[in-house]
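So the sequences go chain by chain: B and X.
165 is the number that the working numbering gives the last residue of the first sequence; the numbers go up by one with no jumps.
778 is the number that the working numbering gives the last residue of the second sequence; the numbers go up by one with no jumps.
Be aware that a few hints might be false.
What the hints assert, rightly or not - Pairs of lysine-lysine, BS3-like flavour, derived with a Cα cap of 27 angstroms:
{"#": "1", "chain 1": "X", "residue 1": "749", "chain 2": "X", "residue 2": "442"}
{"#": "2", "chain 1": "B", "residue 1": "3", "chain 2": "X", "residue 2": "749"}
{"#": "3", "chain 1": "X", "residue 1": "78", "chain 2": "X", "residue 2": "527"}
{"#": "4", "chain 1": "X", "residue 1": "190", "chain 2": "X", "residue 2": "302"}
{"#": "5", "chain 1": "X", "residue 1": "448", "chain 2": "X", "residue 2": "78"}
{"#": "6", "chain 1": "X", "residue 1": "527", "chain 2": "B", "residue 2": "162"}
{"#": "7", "chain 1": "X", "residue 1": "302", "chain 2": "X", "residue 2": "479"}
{"#": "8", "chain 1": "X", "residue 1": "190", "chain 2": "X", "residue 2": "342"}
{"#": "9", "chain 1": "X", "residue 1": "412", "chain 2": "X", "residue 2": "87"}
{"#": "10", "chain 1": "B", "residue 1": "80", "chain 2": "X", "residue 2": "514"}
{"#": "11", "chain 1": "X", "residue 1": "190", "chain 2": "X", "residue 2": "402"}
{"#": "12", "chain 1": "B", "residue 1": "162", "chain 2": "X", "residue 2": "514"}
Source of the hints: derived by calculation from the structure; they are not laboratory data.
So you can see what is in the structure, the chains are spelled out below.
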Amino acid sequence: MAKISMTVNGKTVSGDVEPRTLLVQFIREHLGMTGTHVGCDTSQCGACNVHYNGEAVKSCTILAVQADGSDVVTIEGLAKPDGTLHPMQAAFREYHGLQCGYCTPGMVMVAVDIARRLPCADEATVREELYGNICRCTGYQGIVEAVMAGSEAMQTGVLPLKDHH
Amino acid sequence: MGQYGIGQPIRRKEDARLLTGNGRYTDDVNLDGQVYVYFLRSPYAHAKINAIDTTDALAAPGVIAIYTSADIIADGVKPIPCEANAKSLKGVPLFKPPRHALAFERVRYAGEPVAMIIAESVNAGKDASELIQIDYEELPAIADTSRLADADAPLVWDTLGSNVGLHWETQESAVSEAIFKSAHKTVELKLLNNRLVGNPMEPRCAVSEHDPKTGRTTLYAPSQGGRRVINAIAKEILNVPPQSLRMISLDTGGGFGIRSKTYPELVLMVWAARKQTRPLKWRADRGETFVSDVHGRDQSTKASAAFDKDGKLLAVRNETIVNVGAYLSENGAILAMMGGGKIMGTAYDVPVLYFSVKSCFSNTVPTDTYRGAGRPEVNFIMERLMELGAQAFGISSIEMRKRNFIREFPYKTQMGCLIDSGDFPGTLDMTLDKGDYAGFEKRKAESKARGKLRGIGIGYYVEGAGGRPVEEMRVRFEKDGKVKIFAGTFSHGQGHDTVYSQLLNEYLGVDASKVELIQGDSDTSPKGAVGTFGSRSSMMGGVAIKRASEAIVEKGKKIAGHLMQTEPSKVTFKEGVFHGGTSSVTLEVVARAAQDPSKLPEGMEGPLDESYYYERQGESQNFPNGCHLIEAEVDPDTGTVEIVKFTAIDDCGTVLNPLIVDGQVLGGIAQGIGQALVENTIFDNETGQLLTASFMDYGMPRASDFPMIGIHFNSVPSPTNDLGVKGAGEAGACGAPPALVHAALDALKEYGIRHIDMPLTPEKVWRAIQAAKSGKAA
């Protein structure tokens with residue numbers, strides 16, 4: 001067993017883990033934070049994405065012991081404490097970027113990361129950037145629109161609304 | 001009514017919860033003292049089990065129990081029943097082999113569960129599984145769909161004498177053969193409809209717990225709602241009273257038809273919980289999900305069409321082999337005819353149909369309903385025949401379709417489905433207009449300048465939606481002002497909370513924020529709960545909600561009349577308010593009065609609480625239809641097919657919420673494009689091993705596989721249900737595959753390539769180009 005400590009959503013947490021424990025297992029099973037999902041076993045689907053020291057990382061690809069001393073943000077840490085959605089979360093809602101919701105936490109975490117790194121990414125870039133995240137419900141169209149609109153909202157503070165037929 | 005009623009693109013009520021990590025899926029359930037289940041699965045596709053020795057495994061650290069088929073059979077656990085029934089023309093019924101929840105005497109597909117291990121941790125269970133000694137005697141296996149009915153094929157079930165579990169036909173083959181002999185032109189095609197894995201993003205998972213005090217067992221598992229699974233486990237498999245079992249489906253991460261089945265693991269989780277003192281948890285990884293969920297499609301077809309001199313269809317012949325896998329799942333053996341055959345002809349007038357299905361066993365994972373369930377297959381076949389017909393007559397794809405479209409409704413298909421409504425020529429024209437068909441040649445020239453071959457393809461589809469003909473919904477006004485809907489349907493991504501709230505807003509004037517959807521719990525769902533599949537929830541659940549609302553209004557009128565001292569027959573109801581003479585009273589007040597016996601008319605009991613068991617008349621499903629138009633660019637050097645333009649016009653009848661209907665159509669399209677472009681389930685033909693059992697091997701469509709898709713509606717409200725709705729969820733999976741294949745083949749026209757089986761991977765397309773160049777075109 002190894003003692004680890006890290007910051008998750010601004011709070012210091014610690015635990016005793018087997019060395020083989022993955023970060024996602026630590027988050028879900030030790031911390032009981034179940035917003036971060038596991039959708040595969042080959043690091044393909046991206047449902048487990050979190051922000052690890054400010055970057056989107058699949059939390060199934062690192063060991064909890066590697067994350068000792070790190071700063072982690074999960075989906076639970078994105079909205080304001082009063083419940084106000086992060087602009088990217090609001091964009092996913094506005095553009096119907098989710099259906100069953102299982103891939104959604106990972107998608108949103110990656111979307112925020114894309115918006116930070118590539119604030120003016122065009123559609124083709126957003127689609128390429130989402131390669132590591134699989135959604136089975138939406139056909140991605142609402143997600144792509146949400147990433148672009150959410151990115152704009154993160155810069156301007158105003159979410160462009162979906163124009164609907 | 002107003003901004004929250006029918007037709008408005010209301011943003012989903014579900015989203016805030018799901019977007020903030022507050023969804024609750026089965027894997028998020030952890031019960032005190034729970035122990036972990038691991039299933040040891042067969043490494044062979046076909047083998048005799050000579051002996052199983054669990055002695056060493058039972059002695060391993062942390063192991064609590066190990067069960068094999070001997071244990072469940074000794075305990076009286078019955079095989080999992082298959083309720084499908086069908087007979088051949090000669091009256092030979094479908095062969096239904098027993099399917100025990102754990103392999104008995106033989107394993108018949110790689111991945112079949114053989115032993116259930118219960119341990120203190122998942123890892124302890126996995127480690128112990130390696131100590132189970134099984135003496136397997138490997139037998140010849142068969143997976144290849146097109147060979148299943150061959151005389152020399154290895155047998156999956158010896159007692160059957162072949163692998164053909166059922167040969168079903170509409171009529172004697174000779175009837176249509178005569179027409180083909182005298183027809184002006186005929187076309188014929190052999191094709192494979194590739195096997196798909198549904199792959200909801202939430203892997204398989206279940207938690208179970210037995211309470212010895214009450215004698216009740218609770219099963220938590222994702223599903224598609226209804227009572228069929230838990231009732232089958234209670235009544236037909238474990239032989240216990242249904243009320244002794246409870247099934248709870250929390251948030252469910254996608255269903256697509258495959259999550260509605262009575263799976264062996266669910267049976268075992270319930271049974272074993274009743275043997276154990278601690279709760280059980282099983283959570284499959286993705287690889288296990290690949291072999292434990294039923295698969296979809298997998299048909300090998302020879303189809304032909306006969307035309308008169310004007311290019312009008314005279315007859316269609318369709319001979320299909322369906323690979324049902326090693327055992328019968330619920331509907332795998334009959335979906336080709338009951339799902340697909342019933343609408344065969346799809347958008348076209350087919351005067352004579354010969355439809356033959358051989359449902360064949362193989363040493364593979366069982367197949368069953370998956371998004372479309374038989375309809376994508378027949379739509380693909382009809383569209384390919386239309387395209388080949390156009391080529392044979394030297395007329396355009398558009399002209400060919402227009403000569404054969406059904407134009408008068410209702411139209412009875414050869415297998416007796418009554419297609420209620422539609423505007424097929426209008427929808428096609430609208431598609432050509434919105435998709436700028438006229439500008440295609442210019443775009444093609446522009447592609448050519450970049451070294452790309454551009455093609456355009458049409459996929460017109462008709463599907464039959466609605467599934468089973470009953471559903472029950474209950475609407476109840478609560479003391480705190482909330483309105484609860486107890487649903488027989490089950491939302492697993494479709495946004496029912498939002499849409500049903502819109503209906504209550506429309507019919508009762510209830511504020512959407514007051515509506516609460518209760519679903520997926522056998523203790524609270526209505527007795528007649530059936531579930532969500534077959535694009536049925538708005539049609540079945542929606543109509544039941546409308547009629548329950550009407551019953552609420554009727555009862556409300558009596559209470560309002562009593563409160564206003566007005567004759568109830570003179571009370572009217574509009575937008576949430578009862579009016580009588582010069583008085584009026586809101587539904588909210590009436591609902592509150594209904595909670596107070598002193599305010600009710602004599603003999604009436606509160607509260608406002610009405611259920612409606614909706615029974616559809618006869619066989620009247622509804623028939624979503626539409627036209628999908630795709631432009632694709634093929635890179636002749638690499639064989640890569642890229643979709644560059646996609647226009648979809650769908651007739652989903654009345655659109656309750658365009659945001660959500662768009663989402664359903666897009667989701668269906670994504671799975672259709674997945675089938676046509678990247679998804680394939682490949683078994684090794686010698687060993688029967690599944691070679692595509694991870695997201696590294698199985699092509700899941702990614703965001704970069706799609707352009708922005710233009711979705712529009714040409715709505716013709718269905719005359720056969722109160723809401724005028726038609727299904728939306730499976731439409732895209734029917735229209736997109738033929739449209740994509742036609743676009744790619746059009747792009748490859750210069751090579752004279754007649755057909756390429758899906759998926760159109762770069763390798764297949766490249767090989768087809770090379771074969772054409774060397775004079776061996778497909």
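Going down the list of hints, with the structure as the test:
1. A hinted pair counts as satisfied when its Cα atoms are at most 27 angstroms apart, and residue 749 of chain X with residue 442 of chain X qualifies at roughly 17 angstroms.
2. Only pairs whose Cα atoms come within 27 angstroms are accepted, and residue 3 of chain B paired with residue 749 of chain X is rejected, the gap being roughly 65 angstroms.
3. Pair hint residue 78 of chain X plus residue 527 of chain X holds up; C-alpha atoms about 25 angstroms apart against a cutoff of 27 angstroms.
4. Pair hint residue 190 of chain X plus residue 302 of chain X holds up; C-alpha atoms about 4 angstroms apart against a cutoff of 27 angstroms.
5. For the hint pairing residue 448 of chain X with residue 78 of chain X, the CA-to-CA distance comes to about 63 angstroms; that exceeds 27 angstroms, so the pair is violated.
6. About 40 angstroms separates the Cα atoms of residue 527 of chain X and residue 162 of chain B, which puts this hinted pair outside 27 angstroms; it is violated.
7. As the CA atoms of residue 302 of chain X and residue 479 of chain X are separated by approximately 62 angstroms, the hinted pair breaks the 27 angstroms bound.
8. For the suggested pair residue 190 of chain X and residue 342 of chain X, the alpha carbons sit about 21 angstroms apart, so the restraint of at most 27 angstroms is met.
9. With a C-alpha separation of about 23 angstroms, the suggested pairing of residue 412 of chain X with residue 87 of chain X holds against the 27 angstroms cut-off.
10. For a cut-off of 27 angstroms, the pair hint linking residue 80 of chain B to residue 514 of chain X stands: about 24 angstroms separates their Cα positions.
11. A C-alpha spacing of about 24 angstroms is found between residue 190 of chain X and residue 402 of chain X, which places the hinted pair at or below 27 angstroms, so the restraint holds.
12. With a C-alpha separation of about 25 angstroms, the suggested pair residue 162 of chain B and residue 514 of chain X falls inside the 27 angstroms cut-off, and the hint holds.
Consistency note: the structure conflicts with the earlier hints numbered 2, 5, 6 and 7.
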